[in-house]
Amino acid sequence: MSTVRVLAGTRKGAFILTSDGKRKNWQVSGPHFAGWEIYHLKGSPVDKNRLYASQSSGWFGQVVQRSDDGGRTWSTAGNTFAYDGVAGTHQWYDGTPHPWEFKRVWHLEPSLTDPDTVYAGAEDAALFRSTDGAATWQELSGLRKHGSGPDWQPGAGGMCLHTILLDPLNALRIYIAISAAGAFRSDDGGQSWKPINKGLVSNFMPNPTAEVGHCVHHVAMHPSRPSVLFMQKHWDVMRSDDAGESWQEVSGNLPTDFGFVIDVHAHEPETLYVVPIKSDSEHFPPEGKLRVYRSRTGGHEWEALTRGLPQSDCYLNVLRDAMAVDTLDECGVYFGTTGGQVYASADAGDNWTPIVRDLPAVLSVEVQTLP
Amino acid sequence: MIRVILPHHLRTLAQVGGEITLEVPGPVTARTVLDALESRYPMLRGTIRDHQTRQRRPFLRFFACAEDWSHESPDAALPAAVAEGEEPFLILGAIAGG
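Chains as they are written, first to last, in this note's numbering: chain L, 1 to 371; chain G, 1 to 98.
There's no promise every hint is true.
Claimed, not checked - A short, non-exhaustive set of chain L residues, derived as facing chain G with CB atoms under 7 Å:
| # | residue |
| --- | --- |
| 1 | Thr-76 |
| 2 | Ala-77 |
| 3 | Thr-80 |
| 4 | Tyr-83 |
| 5 | Pro-97 |
| 6 | Thr-306 |
Note that these hints are calculated values from the structure, not bench results.
Every value quoted in this text rests on a predicted model; they were computed, and no experiment measured them.
Backbone N, C-alpha and C fix where the C-beta goes; we use that ideal spot for every residue, glycine too.
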């Protein structure tokens, strides 16, 4: 029987949650790297025992960890993230130029074909790649230097490159997203980049339809159809059917179109999941009810999924990298909360159960489906 | 031998128990102590001082013989008691955060 391994990064360490394919009984391993912020950990799709973890601390900076045995043991990898050439400036919150400064790695995306190749999305926004198992990192500086970089500015969480999507059908195509700059695409393996933000409207910007400056929170795709993208923006849930060349709003009947996570069912490319969150600044579920919303129509029409989720007095958040799906026949959906719960649904969202209830605030959730 | 005491999280990262002892060739300064420390424990590179600038990370401080050496030149000679191994070189994390 298959095994499911959930990788949870939290404010105070990493946790690895495993179950058989029934997804009823879970074993909890952790905290790994106790006391450190684990923004993200993720496994290689071609070597499922190869895991990478981003470990950071306001005191001690950035560390990268690597495991070759599915997270039982770890070893430190390279942590030199040097911007290529003169780092230059981006905009500060007040619009003044501010020097680019490396702070941490938000997201690690292992290659679809090579376990030793992994991409890192950094704050201040930049994309790095390692081809030696995370021993050394090189910036793909065509992104930061393509022209609009001086106009990027941080969102409330910092100027982070938080989303990296590798196209399974086109090895040269990469999508990334930055808060608050927008989405970008490379069609040459990361050497050159273009903004892909036409159709996004952000009313907090002086020019709401500007080419860059949008606070994209997360982007998701289905691997069978990688030119169809779904985006949770600061406000608005968006969809692109042409690899990001244009976007249309699909927020439909959501109770609020603000949120952080968005993901796609493993076997139904038009089935989406979001968790609407109230804004500005409140950043908790509307009416104190934790509801996942599912669309089976690629957006526009959404249904609330509430069974097993708290429906009163719930004031937590679900952060942008904290939702994932497994690939079992009946798709499992998982998300983590800032209240320390990791919820799982073994039936595509109809029913939810907390795997764990009392972890530190969850920053990220990834899932591996193991044979 | 030079004695060095690390903050808890760096001891965990370096997989060491209590105090570390190091051979430091030449003059004993904050820079040469940290060079020797990072040479023996490469996983500590970047966690105490910046990779490029070699500046002390802002939430860390250095103490020797009950005196704050955080703002001294990294090339200043540390007290003889540290150089002779009678007193440790302390690396402390600021009390901050949650």
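For each hint, the structure was consulted:
1. Thr-76: holds (4 Å)
2. Ala-77: violated (9 Å)
3. Thr-80: Because about 5 Å separates Thr-80 of chain L from the closest Cβ in chain G, which is inside the 7 Å limit, the hint holds.
4. Tyr-83: With a minimum Cβ separation of about 10 Å from chain G (threshold 7 Å), the hint on Tyr-83 of chain L is violated.
5. Pro-97: violated (20 Å)
6. Thr-306: violated (32 Å)
Of the numbered hints listed earlier, those contradicted by the structure are 2, 4, 5, 6.
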